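Trainee: The primary structure of each chain is shown beneath.
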Amino acid sequence: MTPSCTRASRLSLASVGGHASEAERLELEAHLATCARCSAAHAELAPVRALRAAEPDGLSSSARERVRRAALAGATRAPASAPRRWGPVGVGGALALASIAALLFLGRPAADGPRVVSGDVAIARGSGAGPEGVVVTSARGGEVRLGDAETALARETSLVWRRDARSVELRAGSVTIDVEHRAGQHFQVRTPRFLVEVIGTRFTVDLAGVRTERGTVRVFAADGTPLGYVAAGQSWTLPAPAAPAPAEAPPAPAAVTPRPVPAAAPSSPVAAPARTFADDGPSARLGQARRALARGNAGEARRLVEPIFHLGRELAVEARVIYAESFLTEGRYTDAVDGYETVVRDFPRTAQAESALYAVAQLESEHGRQAEARAGLARYLAHYPHGRFAREANDRLTGLTAPAQ
Amino acid sequence: MLSPLSLFPAATFNRIRGFGYDHEVGDPRDLTSPAPAGEDPALLAGCRAQDPAALDAFFRAHARYVERVIARLTGPTPDLEDLVQTTFIQAFQSFARFRGEASLKTWVTRIAVHVALHQLRAGVRRALPLELVPESHEPEDPAPPADQEAASRQLARRLHALLDKIAPKKRVAFLLYTVDERSIEEVAALTGSSKAAAKSRIWFARRELLAMVKAQPDLGPLVAATERAS
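So the sequences go chain by chain: X and Z.
Going left to right, the first sequence walks through residues 883 to 1287 as the working numbering numbers them.
Going left to right, the second sequence walks through residues -19 to 210 as the working numbering numbers them.
Please note that a few of the clues may not be correct.
What the hints assert, rightly or not - Derived CB-CB ranges, DEER-like:
#, chain 1, residue 1, chain 2, residue 2, range
1, X, Ala925, Z, Arg28, 48 to 56 Å
2, Z, Met192, X, Thr1280, 55 to 63 Å
3, X, Ser921, Z, Ala141, 23 to 31 Å
4, Z, Ala76, X, Glu1032, 23 to 31 Å
5, Z, Arg48, X, Gly1181, 21 to 29 Å
6, Z, Met192, X, Ala1253, 57 to 65 Å
7, Z, Met192, X, Asp1217, 30 to 38 Å
Said to hold, decoys possible - Pairs of lysine to any residue residues, derived as SDA-like cross-links and limited to a Cα-Cα distance of at most 20 Å, are as follows:
#, chain 1, residue 1, chain 2, residue 2
8, Z, Lys179, X, Glu906
9, Z, Lys175, X, Arg931
10, Z, Lys179, X, Ala918
11, Z, Lys179, X, Ser903
12, Z, Lys179, X, Leu927
13, Z, Lys179, X, Arg892
14, Z, Lys85, X, Gly940
15, Z, Lys149, X, Ser903
16, Z, Lys145, Z, Glu188
17, Z, Lys194, X, Glu906
18, Z, Lys194, X, Ala925
19, Z, Lys179, X, Gly900
20, Z, Lys85, X, Arg950
21, Z, Lys179, X, Cys887
22, Z, Lys145, Z, Ala191
23, Z, Lys194, X, Ala922
24, Z, Lys85, Z, Arg28
25, Z, Lys194, Z, Glu129
26, Z, Lys145, X, Leu927
27, Z, Lys194, X, Ala918
28, Z, Lys175, X, Gly900
29, Z, Lys175, X, His901
30, Z, Lys179, X, Ser897
31, Z, Lys179, X, His901
32, Z, Lys194, X, His901
Honestly, the hints are just simulated from the structure, not real lab data.
Please read these numbers as outputs of a predicted model, since none were measured by experiment.
Built from N, CA and C at the ideal position, the CB exists for glycine as well.
In isolation and in its complexed conformation, chain Z is listed as follows (with noise of 0.2 Å):
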């Protein structure tokens, strides 16, 4: 049975170019990124062997920054907790292969994209608990919430449900590039793809969802919601 892994775009092997670096993309896991590492020696040290202290210290430096990635990537999601425990389960499995070229942050960041890219491709999106939505998102209330941070949950409930019907690999690049503001570069290196090619599923996305937003006219008083008191 393949690995979950192996069903990651990995297997495409490109070139990708531009802004001083040159590397190939494969196994997110073994990729090196052109960032300096300027990493805390004996915490990458410790996490390479495996010591607890370490990877508990790398865990508390970047839990939040992972469940915001792909909780941007995803939407609101009962599965988070279990994407960010992926995402760290792999990384620490992974650390043997860490050549250190790269930040642990651009790293991680990696790991995590391919683990929501993952979900997003096995298409097993669940719907969020009711316990777990509070009574201001329910999508029925046709006028939108009074204050700023209920109005802006809805929305991102809003869109996400309409991303759903945007392949996943045009989403990730799509939400990479406008929402988490990565360069193209970026986008290419964190996907596993070429620059054309994740051009081209940023701007294919831009048009499905510009006809999907069209047909949803009553998204633009809960954007307007959103930004009265930003």
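So that you can see chain X by itself, here it is in the shape it has in the complex (with noise of 0.2 Å):
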């Protein structure tokens, strides 16, 4: 390579990333010309320069509302940790700090293992948990921390904890989670027919289904399908198979409820068809709806429900809370009050008006409409001083500040 063909590769370089003045791409020409190799080389950047002209995928709206809504919640909680300052430490200092760290860490396997809080709760090694998990158990409840997560179990209540995974498989039982959003590495929760990611909330999962109480949290099917998310006041509940599940497949959930789905629900490949409804049918429909909101499509999805508003009250309330949804992605949020509102007054009584009363409050507070916010959280705590979003509602209901005087 001679220094011509030096200053051409940075030329070339600089080129490719917009830097070159138009006599520095002259230059670059006329050498281009005269040699083959760096000719080879400038070429061999075309997919870089092809990169920089593309315009990348951005995130769906109702991807950018879910981030918006889940940046803000953050905003008002504490840090999970202040952000440490090394200074004068400097790269050594912190590597020998690691390193110290990593000695600890070995020689002692089991100290950031689980740790229990209070109740009823037992931890184990082995039963088939593998040489990584530990399984805990609760006959009674109890509240247990594993790794930077804060659970409660409920009775009878069995999983396998995996710190180096930052994974709960759930055994049996219920268990409510509450966890800090973690870059790239997701707390996971696994059940035999689908697995809960979490971005950063606090949820209650048990073998039938998943309830999010603030944050939002991805499921995906057993198989690693991606079901949709489950935002704050939302459920989901795993669809009774329509076939009879193999001797080896886990009961199906006693009870399965209607309730928000966020997206299309297959379950298991093992337990059940992906369709156990007529494609053309109004479940079709709503499962299109559906599939249409997490693709952040919401006209389609009003488009899909909207003759379902006058079909059975099951069928129907399911179509209102995707039609409210549905604004909730585009951002509007005035009109999606409107459409939980309607979701109350029609089908009251049931467990999506629980939840769309509780999603109004929870609206209001967060566009900063503290006085809504306060009337509507005092209202779901009169219509359901006992509810699922109860103690949410009430540490909301505390947080509110008074009124500007």
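From these two lone chains plus the hints, build me the complex, please.
Mentor: Below you can see the structure in the form of structure tokens.
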């Protein structure tokens, strides 16, 4: 490579990044015309030029709305850990500390294991949990800390905690988890038939479904197929298998209540066929609408559910919930509030009405309408003093400041 | 346990000089920039006071930009939502330390770059769920897609698959320089490195990428397909 080739390589790179002046581009072209090697190398950077010209895929409007809500919710909470200023410690100090931490960790593998906070909780290794797994059981219920997650175990709950994978394998019962978001390492709860991946939230999982109290979780089928998102105030329940399950498959959920479902919900491939309804019936339309919503296509979701408004109560309430959620994904929160109010008014004494009532209060709160939020939360607690979101509603109500003087 | 941010290259406290500024590079959330602030004082005060309306306005003003910065560095990923969320949560929690010497855009860019870098360094890249990959993106299709947008997406996937084999610091510096059109000085400031280190990383990434592209002759028609309609 000649000195002029070295300079040409630098100019080629600058040119790809859009940093070369007109004179430099002419100089580069003159060199490339006489040097086959540099010309080939420059041509090989063409994919990078093309990448520069392309606009990368961003988030869908619904995903952006989820992020907005989660980030704003996160801002009102204390950071998980204060940012560290290493200052004069520098790289060497940090490495030394990391080495010491690693040595301590290697010497005491159980030091960061589950810690019982209260109640009746037993912790044991083995029992088919694998070398990294720890079995946590509770006969009468209790609280335990799993890594950075605070968890409450219901009665008769059994799970396996794998710290390295930051995952819980739920074997029986129900667990409520409060966990902070951690980039790149999702907290997971796996059941025999579905997987819940956490974006940073408080949520409850049993073998039949998941209910989110704060933040958002992602739900996958057992085979990894993404099913959708469950946002705060929503719950998702496994659909009942249409065909008898094979002997080794887990039993079907005892009761399957249609509740706000974020996306099409095929159950485990071994437990049921992916579709259990006619492809053109109202149930199919609801499924299609949920999928459209999961893709961020709110208009399509509304078009699909509108004909269902006047059908049977169970179908109509689902359609109304999807209708309300479609506005939420577009950031049209006033319309979303109206949609949820319709659910509350027209479908009282349904699980959806309870979720919708709480969603109204939550939306008002998130948009800084404190008086309306307080009224909404009080209304929810009046209707559902022991409801699914009663604790969250009380917390929010306490947290809302008094109106400005 | 170290916080994720403590693992960032913020521990390398270099002095950056050039283009009329001279400052220390440390924690990206504390870093100030030579760029004039020029921000809405009311918005800034609201963000510092954790006013939800101000934070919301900040989010709406910068969300798409942050998505683009991260997507360009990581490539197509199912974790984009997660990474954007992390960026804004860290920004919201750090406003109290924002000194207002840099623009908010520059400041949030630094956080986004470090969140992307951390993700790449953690090596937890997951396959894009099939549901999120349009059929035209399937890599086994030997013929370049007919329309420019599909070809462009396929090329991005292919190129980022190659970039996955390059060390994250080099990859990020290279992409900031070549794809995001940042100057060497900006690359250095955004990645918390010296100018010399930034240059070196860009150069070595180029060399490694060229060797890989050479072994992928089918990228040529794909590039041609992306450029046909542009």
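Trainee: Compare the structure with each hint and give your call.
Mentor: Here is what the structure says about each hint:
1. For the pair Ala925(X) and Arg28(Z), the supplied restraint of 48 to 56 Å holds, since their beta-carbon distance comes to about 50 Å.
2. The hinted range of 55 to 63 Å is satisfied by Met192(Z) and Thr1280(X), whose Cβ atoms lie roughly 57 Å apart.
3. Remark: the range hint 23 to 31 Å for Ser921(X) to Ala141(Z) is upheld by a beta-carbon distance near 26 Å.
4. In this structure, Ala76(Z) and Glu1032(X) meet the distance hint of 23 to 31 Å, their C-beta atoms being roughly 26 Å apart.
5. Between Arg48(Z) and Gly1181(X) the Cβ separation comes to about 24 Å, which falls inside the hinted range of 21 to 29 Å.
6. A hinted range of 57 to 65 Å for the beta carbons of Met192(Z) and Ala1253(X) is consistent with their spacing of about 60 Å.
7. At roughly 49 Å, the beta-carbon separation of Met192(Z) and Asp1217(X) lies outside the given 30 to 38 Å, and the hint is violated.
8. At roughly 18 Å between alpha-carbon atoms, Lys179(Z) and Glu906(X) fall within 20 Å of each other, so this suggested pair holds.
9. Restraint check: the Cα-Cα separation between Lys175(Z) and Arg931(X) comes to about 23 Å, which exceeds 20 Å; the hinted pair is violated.
10. Only pairs whose Cα atoms come within 20 Å are accepted, and Lys179(Z) paired with Ala918(X) is rejected, the gap being roughly 25 Å.
11. A distance of roughly 18 Å separates the Cα atoms of Lys179(Z) and Ser903(X); the hinted pair therefore holds under the 20 Å criterion.
12. A threshold of 20 Å between alpha carbons decides the hint, and for Lys179(Z) with Leu927(X) the separation of about 17 Å falls inside it, so the pair holds.
13. About 10 Å separates the Cα atoms of Lys179(Z) and Arg892(X), which keeps this hinted pair within 20 Å; it holds.
14. Taking the CA atoms of Lys85(Z) and Gly940(X), the gap is near 17 Å; set against the 20 Å cutoff, the hint holds.
15. A C-alpha spacing of about 27 Å is found between Lys149(Z) and Ser903(X), which places the hinted pair above 20 Å, so the restraint is violated.
16. Restraint check for Lys145(Z) and Glu188(Z): the C-alpha separation of about 9 Å stays at or below 20 Å, so the hint holds.
17. Proposed proximity of Lys194(Z) and Glu906(X) is contradicted: the alpha carbons are some 25 Å apart, above 20 Å.
18. A C-alpha spacing of about 10 Å is found between Lys194(Z) and Ala925(X), which places the hinted pair at or below 20 Å, so the restraint holds.
19. Of the supplied pair hints, the one linking Lys179(Z) and Gly900(X) holds, its CA atoms being roughly 16 Å apart against a limit of 20 Å.
20. Among the hinted pairs, Lys85(Z) with Arg950(X) is consistent with the structure: their alpha-carbon atoms are about 17 Å apart, no more than 20 Å.
21. With a CA separation close to 18 Å, the supplied pair Lys179(Z) and Cys887(X) stays within the 20 Å bound.
22. Taking the CA atoms of Lys145(Z) and Ala191(Z), the gap is near 12 Å; set against the 20 Å cutoff, the hint holds.
23. Of the pairs offered as hints, the one joining Lys194(Z) and Ala922(X) holds, with about 9 Å between alpha carbons and a cut-off of 20 Å not exceeded.
24. Proposed proximity of Lys85(Z) and Arg28(Z) is supported: the alpha carbons are some 15 Å apart, at most 20 Å.
25. Distance check on the hinted pair: Lys194(Z) and Glu129(Z) sit about 24 Å apart at the alpha-carbon level, beyond 20 Å; violated.
26. This hinted pair checks out: Lys145(Z) and Leu927(X) have alpha carbons roughly 17 Å apart, not beyond 20 Å.
27. Among the hinted pairs, Lys194(Z) with Ala918(X) is consistent with the structure: their alpha-carbon atoms are about 15 Å apart, no more than 20 Å.
28. The straight-line distance between the Cα atoms of Lys175(Z) and Gly900(X) is roughly 18 Å, inside the 20 Å bound, and the hint therefore holds.
29. Proximity of Lys175(Z) to His901(X) is assessed by CA-CA distance (about 16 Å); at most 20 Å being required, the pair is judged to hold.
30. Our distance criterion of 20 Å between C-alpha atoms is met by Lys179(Z) and Ser897(X), whose separation comes to about 15 Å.
31. Distance check on the hinted pair: Lys179(Z) and His901(X) sit about 14 Å apart at the alpha-carbon level, within 20 Å; holds.
32. A distance of roughly 24 Å separates the Cα atoms of Lys194(Z) and His901(X); the hinted pair therefore is violated under the 20 Å criterion.
The structure fails to meet hints 7, 9, 10, 15, 17, 25, 32 from the earlier list, while all remaining hints are met.
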